[in-house]
Amino acid sequence: MMDEKLLLALILTVSITAAAGYLGTLMLTKRMSLAGGPLGHLTLPGIAIALIYGFDVSLGAFLVLSVAIFLIWIFERWTKLPMETLTAIVFTSSVAIAFLFLPEEETVVALIGDISQISLVSVGVSFISSIFIFAVIYKIYKKMVFIAISEDLAKSENINVDKYNLIYLAMVALVIGLSVRIVGSLLTAAIVSIPAATSRNFSKNINQYAFGGAFIGAVAGFWGVVVYKMFEIPIGPGVIIAGTIMFLISAIFKRK
Amino acid sequence: MVYALNAEEIMEGNKNEIVLEVKDLSVILADQKIIDNLSFRVKRGETLVILGPNGAGKTTLLRALLGIIPSKGEIYWHTKNISYLPPSELMQRRGVMPLTVNDFFKIKNVNDKQVYNSIESVGLERDCLNKRLSHLSTGQFQRLSIAWALVDEPDTLIFDEPTSGIDVGGAETIYSLLHKFWQEKALTILLVTHDLSIVWEHADNVLCLNKKNVCYGPPSRALTTKNLKDLYGVGVKYYLHNK
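Line order of the protein sequences matches chains R and B.
Terminal number for the first sequence in my numbering: 260, no gaps in between.
Terminal number for the second sequence in my numbering: 350, no gaps in between.
Please note that a few of the clues may not be correct.
[What the hints assert, rightly or not] Derived pair list, reagent style DSS-like, types lysine-lysine, alpha-carbon separation capped at 27 Å: (1) B:318 to B:333; (2) B:220 to B:238; (3) R:146 to B:215; (4) B:150 to B:187; (5) B:213 to R:159; (6) B:213 to R:143.
It is worth saying that the hints were derived from the structure and are not from the lab.
Bound-form chain R, shown alone:
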């Protein structure tokens, strides 16, 4: 019979990596894959506080991410500086502040993730959140593709571009918040970009691409947990290396 901890680890990891892979296909379409990196780094103080006070790292990450996004938004209004400059300032400051109080023994966990201390509640919340993200992305996918082709064209067809972009960004924040538990704050760009890029290499149309991203994310999550259990490799690098191997295979067999 399967070990209960292993089952929980699989449900947690596969649901989050599948949702991240699915969302990642939209992020690639909008050329935002790398944004997952800075957003992940932003969460570091939240992870540090969660580790110190013993509450859920995803909750800490999500709270700090919300504050950081608000700060970027308000600084943009005050200074009119480009959004990417402000993001760079906020995320590097965030990392610097986190290292002022992050306990040394927790550094690796905060940077590359850990699923050794998961509870049934946190797995349940992560699973339901992943289903929710999947459902929302499924609902907005077609409209987001339309917006990616041409915002003007989408607006001329009465699509509320601002509303859809806001929903999309909220899903990005939610996925990053959930993902930090598995891949830490350092590897979040990979969890959204590698499945999407791999799926892009294999797929012939937009449906294959979108669902392929979710499938490859799920497979990477599955193998990440397997190598974590078998070889005690930390879960974050395990998931990313599994994804990278699939990407390499897809690159070799990429259709001409």
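Given the coordinates of chain R, work out where chain B should sit on it, guided by the hints.
Here is chain B on its own, set in the frame of chain R:
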């Protein structure tokens, strides 16, 4: 301000054969006046060509008419069935996502029969449906764009430089197609182009725009040498050769 009229008001416009009324339209972007106090009307079945030099506000005008950007003044559409195509270079099809021709049509919630009819009407084969948009030639993509714009049977088309980036032969094919659909479907067309020969061949009215209205009316009256000089700032003439 763009006004979407109710059914009764649209009917009133139908009686008057007016599709679009623009009154005192001004557009200010980044503290710069791009369009200044523009007024004109478009009748049902009319082809209005919008001419002007680069930076004259042609694309801005179309975007304001569609409510994509804010504007001052009044814009009344006596139809809700409008299809718009931005300049092709603004359509992202660089292969970031594996979007097929079929995927592109299905964005619009149309059925297979409508898609088949539409692509065949522009001379494309059904087997192109599984091709990626990024694998089409510029000419094929422009034909496809027209098919896409027409697939849900609009009564008004708004095209922004539909032949930019295509050679003379390709451009001629595109305009012939537009003319064919204009005749078959009694379409109202608003068209931005730099091509003066299109104005003479296809336009009922021409709007010469350089931030403000430089000239407006049938081409034979509006396109005088003086107006063209006022429009482009240099001596531009158009010679109609006897056949």
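Status of the hints after comparison with the structure:
Distance hint between residue 318 of chain B and residue 333 of chain B is fulfilled; the C-alpha atoms sit about 17 Å from each other, no more than 27 Å. Our distance criterion of 27 Å between C-alpha atoms is met by residue 220 of chain B and residue 238 of chain B, whose separation comes to about 18 Å. Using a Cα cut-off of 27 Å, the hinted pair residue 146 of chain R and residue 215 of chain B holds, with the two alpha carbons roughly 9 Å apart. In summary, the hint linking residue 150 of chain B to residue 187 of chain B is supported, as the alpha carbons are separated by about 15 Å, within the 27 Å threshold.
Restraint check for residue 213 of chain B and residue 159 of chain R: the C-alpha separation of about 17 Å stays at or below 27 Å, so the hint holds. A hinted pair counts as satisfied when its Cα atoms are at most 27 Å apart, and residue 213 of chain B with residue 143 of chain R qualifies at roughly 15 Å.
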